[in-house]
Every structure is written in C-alpha cells, then in structure tokens.
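Chain by chain, the residues run as shown.
Protein chains: 2
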Amino acid sequence: MTEYSRTTRAAANLIIPLIKVDRLLSLGVRDQIRSEISRLIAEGALEQGAQLPSCRAMAQGLSVAVNSVLGAYLKLIDEGILSSKPKSGYFVSLELSASPLQGSAKTKTRETTNILDRITKGKLPSKGSYIVRPPDWPKYKYPFVCNQIPVNRFPLAQWRECMRLAMNSRDVASWAGDNQYWDSDEFLQEVCTRILPRRGVAARPENVLVTLGAQQAIYIISSLLRGYGRVVAMEDPGYPDARNIFEQIFDEIRFIPVDDEGIIVDERLAECDLVYVTPNRQFPTTIAMSARRREMLLKMAESADFLIIEDDYDGDTDFSEEVEAPLYSGNRNGRVIYINSLSKSVAPGLRLGFLVAQEDLVSEARALRGLMIRHTPLLLQKTAGLFLKFGYHDALCKRLHAIFEQRIAIASGIIDDLFPQFDIRNEDGSTIFVMTDKAGRDAQMIKEKALQANIVIEPLWPCYSDDKKGKSSFRIGLSAIPSDQIEPGLTLLSETVGTV
Amino acid sequence: MTEYSRTTRAAANLIIPLIKVDRLLSLGVRDQIRSEISRLIAEGALEQGAQLPSCRAMAQGLSVAVNSVLGAYLKLIDEGILSSKPKSGYFVSLELSASPLQGSAKTKTRETTNILDRITKGKLPSKGSYIVRPPDWPKYKYPFVCNQIPVNRFPLAQWRECMRLAMNSRDVASWAGDNQYWDSDEFLQEVCTRILPRRGVAARPENVLVTLGAQQAIYIISSLLRGYGRVVAMEDPGYPDARNIFEQIFDEIRFIPVDDEGIIVDERLAECDLVYVTPNRQFPTTIAMSARRREMLLKMAESADFLIIEDDYDGDTDFSEEVEAPLYSGNRNGRVIYINSLSKSVAPGLRLGFLVAQEDLVSEARALRGLMIRHTPLLLQKTAGLFLKFGYHDALCKRLHAIFEQRIAIASGIIDDLFPQFDIRNEDGSTIFVMTDKAGRDAQMIKEKALQANIVIEPLWPCYSDDKKGKSSFRIGLSAIPSDQIEPGLTLLSETVGTV
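Order-wise, the sequence lines are chains H and A.
Anchor point for the first sequence: position 148 equals 148 in this note's numbering, and the numbering is continuous, going up by one each time.
Anchor point for the second sequence: position 35 equals 35 in this note's numbering, and the numbering is continuous, going up by one each time.
If you're looking for bench data, these hints aren't it; they were derived computationally from the structure.
All copies of an identical chain are treated as equivalent in the list; a pair is satisfied when it fits inside any one copy or across any two copies.
Calculated lysine-lysine pairs in the DSBU-like style (CA-CA distance at most 35 Å, straight line):
#1 LYS139 <-> LYS389
#2 LYS299 <-> LYS87
#3 LYS389 <-> LYS20
#4 LYS85 <-> LYS299
Please take these sequences and the hints and turn them into a complete structure.
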C-alpha cells in the first residue's frame, strides 16, 4: 500500500497562494475553497497522497475563518476527494483514480518523533472547547462579537501621550531593566485608587498582582491552589476558557447549573474547594447574581470551607444605573479572590489584568507568576498607570457607557420585529442579546450561514459542559460593531436566519 | 498571655517614613535600620507587641536591599528587641520591659483564613532558591550583576521610532484588539529572518511561539510535557529559576554535574524524559559545551528517548570570534526545543522571548500559552518586529559586542593583581568572571559586605542543588556596569574582600 506523504507539511503550504478566494463572490468561502482544491487536483498541482496545509495554515494564508477551511475539507472527505489521518492531517485521497502514483517507490520518509503521543495523557491543551471567532473578525462588516472593545473608539491620542511620557529617557531603567518579580509601583497604585474604588473594592498595592489579562489570573490562582483530589466548581453554562484551564489543572470540575439568580447554591458546592463565578454578569447568560444568592454563596464559602474566584470581567463597562458591588467588597471571610482587567474597556491586546486577594496569597501568587513569566511588561504597566492617573480610563468608561446605551436603544427598537421566532434576552446594562430559537434550529448552522453573509455571531453551545445543550442559542454583541452597522446587520441576519 | 497584634500590617507600614537611611554614612544600611528601630521603640513610636513592616515592604519603602532589612531584624531578634512569629512577621518583643501593655484587653482579632496552609503541599512557589539582587540594583554605584543589559546604552530613539510606527492609527485593531491565541505575524517573521539565522537556526513561523521571556518558554514546555512519573534532568550547578519551575511541575529532578566540557553525558541521563541544558554558555559556570559532548547528548536523546530543552540565553551577546551553533541547528531527530529571548540584548523588562520546535509541539504549546495568557502583548511584538526589520537589533548586538570586549579588556588587565587569593575564570566571549576564593571564605558574606560598599556581586550557591556547594564562589558581571566604573569598582571590591 502506498504511503501517504508525511513530511510535506511545509511543502503543503506552497499550494496556499494558488487558491483564490473572493469575498465579493456570492459563493461562500467554504465552497470557494472546496472548488479550488478540486481544481488543483484536476490540474495536477496537488498529487494523490499529497498532504494539504493544516486548516489553520490555510485559514491564515487565505485570511479566512478556520471553520471555512475545515468545512471545505470535511465536504471533500464526504466526496471521497480527501482523506484524513488522525494526528497527521488531510491528504489527497489515494483512491481517487486508478493511475499509478508518481514517486511511490521513494525512500520511506523518516518518521517524525511523535512527541505528543508519548508525553501527554490525552489532555492536549488544544482539545478544549472554545468560542471560535474568525481570526480576522474585525474585517467582517457586521461583527456582533461579545465583550470586545470598539476599536475605532480606542483613545489613541491619549494612549500615545502616556506611552511617550513612559518612555522618558530618565526612566529607561524602570521599564527596560530586569524587575525580577516586581510590578510597577505606579500601576499598582493607580489600580488601587482609580479602578478598584469604582467597583467598591478597597485594596492596597500588596493585595494586587498584575497579570496578563484575567486569563492569567485564573491560571495562576488555579495552579497555586492545585493539589491532590482538588475539586473546582463553575457555572454551567460558563466561561469556556476557565473550563479549559481547570481541565489542565484540577482533578475534577463540578458543573453547577445557573438560574435567574445566578449559580445555584446548594449541597453540590459543599464538596468543592474552589468555586469560579461571574457574579456581575453571568457568562454567557449575562444574568446578574441576586443579592440573596450572593449572601448564600459567601456564607457557604465559610461553612463548607471553599474559596471563591470572582471574575468581574465586565464590571467597568456595565452601564446599568446601579451596578452591584463585587463579592470581594463584602469579603468578610477572606475567601474571595477578585479578578478584573483592562481588556473590556481599554484593549484586550495589551493583556493588562490583575487579581486582588489577601496579602499572603498575593505573595505566593507573585512568586508563582515570577516562575511563569516574571512580570507583565513594565512599559505597558507604566503607560497604563499614566493612562489611569490622568483620568483617561474614567473618561473612556463614561464614553463607552454612553455609546453602548445608544447602541442598545437602536437594537431594542427593531430586534423583536426582526426575530419573532426567537426568545430574546437583554439584561439592563449589557451590550449582549441572548437569542434562543423557539423552533430549535441549530445556532452553529446559523453562525456559518451568517459568516458567509459577512456577519459574526456567537453560538452558546461551547459554554455548556454538555455540548448538546444550548444548541439553538447564540449571542449578539453590540460592543464592537459600529453603531451605524447595527440596523443593516440585524436585518441581514434576520434574512439569513430565514434561509437556515 | 498578651496577644501579639496581628492586624496591623497596614498600620505597621506607617513607621517606614520615620526611618532614616543615608547611604553616604559609613555605617552600613543594615545597622542604620537596626539603630533606627531601636530609637523608635525608645521614643514610643513603636509599642511593645506592635508588628513591624514585612522585610519587603520596609526594603521597598526605604529603597534598600531586602537582605539589609532582614539582617537588621535578625540582629534585633538576637538582641531580644524583636520577636518573630512564623507566618505572621516581626513584632516588638513583649518581654522588653515589665510595663503593662495598653490595649491588651482588646477583643481578640479575627483569625485570617490560613489559605496557604490548607491548600498547598509544602511546595510554595516562594520557597525556591533565587539569585537575589537588590530590587534597586541599578542605583548601586558598582552593579557587577550578570547577564543584564547596559541600560544607558538602550537604543531609546530607535525603540521610540518603532513604537510610534506600531501605534499607527490605521493599525490599532492589530494590537489593541483581541487576537485570541495568535502572535503578530510580523514579529514571527522577523524572528525567523533576523534572529534565528544569526544563530544558524532555520525555522518557519509555524515553528515559533512567542513567550514572555525565556522564563515562560521553560514554564510552558515543562507544563506541556508534565505527566505522571516524569523525570527532568538539569545541570548542577544550573539556572535556579529553571529548577524552581521544575520543582513546581515535575515529580523528580536529576541534577547532573558539569565538567569542563559541559553537562556530563552518561547513564544518569538515560532514565530522564527531559533534559534542560545551556550549551552555548553553561549557567552559571559560563563554560561552552564541547563539540564531542554535544554529539553525545544528541545521540543519547535518541537512544534513551528524551527531549532536550536548549536555553540559548546569551547566544546573541556572545562576542567570541566563533560562536558554536545551537544543538537545535543539528536537530536531526526533532528532539531539541530551542529557547531564546530579547532580554539579554534589547531589554528584559519587555519580556519578549520565544521557543522554536517542531510544528505539532508548537501548536500545543500555543494552545497552552493561550490558556495561560492568550499571547504576549501585541503592541510590543509589533514594535519589536519593526526594531528587528530595520536592522536595529543587529546593530545593537554589534555595538554590545564591542562594548563588552572593551570592558573585559579593562577588567582583565587588573583583576589578577586585585584578587591574588582567587581562582579567576573568564571564558572567551563572556562578560562574566567566575571567582572562587582559594581561602574558602563565604561568598554570601562577601556579597553582603560588598552591598554595604555599594557593590553588587552574585554568589554561586543558589545555583547548586546542594546549597553547601559553591559557597566560596561568586560571579562578577560587566554587562550592566558603566565602563568607567569597572576599575574603581573592582578596586573597592578587592578592599572589601580583604575585610571579610
């Protein structure tokens, strides 16, 4: 039997420039790729047994969504044109025709060391469940993505000013030099005086650790609290990346359902050691945890002896009249670890986050973060410190609140009429509509159709522990899409939904 | 029995501004702190039972070395003036006089939850072995620290130019927005075309993962390759932070001695799964691994089925005529993972590093890094990409080589005469002198005396698995100290050594 070629991953990528994709064509991207691959096989540019680029490489090369490439490959497999080999990739099918293959007598290529097979226990980091957006989603005409900043409103002039000041020639040592495990004092100070008090949190610099976004805060706390037989609990549905982190680190994850008051607090939590929650706005349902539930959770933390990780990811951009203070602010028992970042207000690409906790825990978290990365880059800490100090962040949040309120007003006026077949939920102060198709159509299919119509939406199923749940729900976010695109985008989406 | 006050950590810090330290006094910093604390107790500003600031808080507040504060506290404990309570801190001794304490009948303060006791298994991240430098070492007059950039030679104008270009208004989305798990294409490309070829490494962007310095590269690879019963080997002496990382992650570390050819390759390596080495310049001995030893190591990796982590930390700043290509360049078996960074040439504070490996491993490392931090901040990646593209890094390395060569010439001319009682080693192309006192005096004591004389040096003992080894060795680095301070600094150090 002829071998599939396994060493031509690099060579495989050479075909990418030969594939033409045109967004303006009415044919979907997936189908364009599919037809182009067929063409290349027909023309002999792709031989039988030849390896295709990975979905990722192809998607990057063509600036299209990975899903589109995957869809094209799967279609071609259905059609018998491609074959897939586990852990190897996609190949032009050997059974394609009866003609003998060229080069089949070539020396067998050296097996690459299969490192991953040998050293992991089936828990590869890439195997998590993710909210998949096209990498180039900002280029889509109607990006209804959730919790993303409106890039066109980024306060560039102010950021540049702060960056210029931070790069002052007298202070080079303070950001270019090795700061060992320490953060920028100025940034810590501003977090304590400018950000935390807005949320009702009183903390001193020694209670704060700067992280690479909220993501790293979750990772550090999880790693620090890892031990034998440790059990972590999280909301179900919940934040997929928290789940992916916990899967890497903990022995067991308990998925606790949420209702209209947030996570259900009952005996299921009693056996847990750590509970991850998003009280201000439950991810992904956007429901705020009720006062009663907060009280129950804090009490049970003490009686059942567990710690709470509170991810306050959207506290700063919540534009409701009265935003509830975080659990941390009523943290009478020292059991709450508070997480927030500048990713939802300033910029996620800067990766500036922080955690707040009691001092001894922060000291150890700092030592562990030191081992992981030393510290968050100091130039960014210094620049952000100035940005906060000058009040630019406060002003930005105010501006965002106004923009978001206006956007919600636009959408609220039309969404019921456009989507009569949907159960539609929008919580006060949130930029997100949670849509559930009463007819039960598959949100993933709606998403794919929408992508072809230049619209990005976010299905809910990756947030559930059981990925058969939430199948007909998706989220529409208004934080990133320009205001004047909301009406045409929703109209087009409603038409697209009609064709599924 | 009267309780020691345990809730006054914040209040404790209030005394810091009352303590006066003057570097110009001939009295050492430690002793100044000691006498100041005594004074405050005498004056009643510090009451019996009162808690003192943590060593760190005090050191930061006074801009002195943590060691100096610790030294002062220990002295005061010896003298019966202070007491220490495990996990609580330092207190003014209750036995100091017979007078009754005020407030001794106060309500017992609430016990803080002792989270760390409960949840870790005695492997606290802070308990590692570190090369301790004063946090404010750049302010010392004679900073003979190792592997640190000369901050006064930082190419600030060029860096600012690149930063300005990176912050172009049309490209905001490319660094402010959420890039999910992806790196900057431009930076990856420049690493492949500008940095790696200088070191004889051929790689494509899909072989490269951007990390937060070399530190994170070690952490990610270790976490990815963790499994039950895994054994990691490292050089002894070796890089303490690698050891600290391995202690967090692996079940067992094998410490393999080094000789004049580098790590000894024998049956001790055969049972290991992962071997961490610093072939270009063994850390901390600065010895280059011989060609013969490299060959043996690569061969054994295959026969004994282990992977090699190659930390090429100083390949770019090595100024010897012919720098050996890394193991990765001869990586015929796909078993070498290459690590490097911009920390030794451009700036450690920026935290720009990378790892190079086969594509499937990089994919998983990328997914894991995604869980940990998503990605290295994109604005820094873009800026560094331009810095590389414009050839500024090449020029910088050339400049550094010239400066370093000149500094070594200055030191080489005088060091033998100044330190006749020492065994002195300086490898070709290295900015470091490894000094061993033939009389066996304690390098830690020399270090402390030197600090008081405004000199920073680095004892070798934290690099040994057995911290009783290497006791009389220390390193003198010339990379960070201004050239004109070398001669007076070495002279003063030689005098200081004479007083130990």
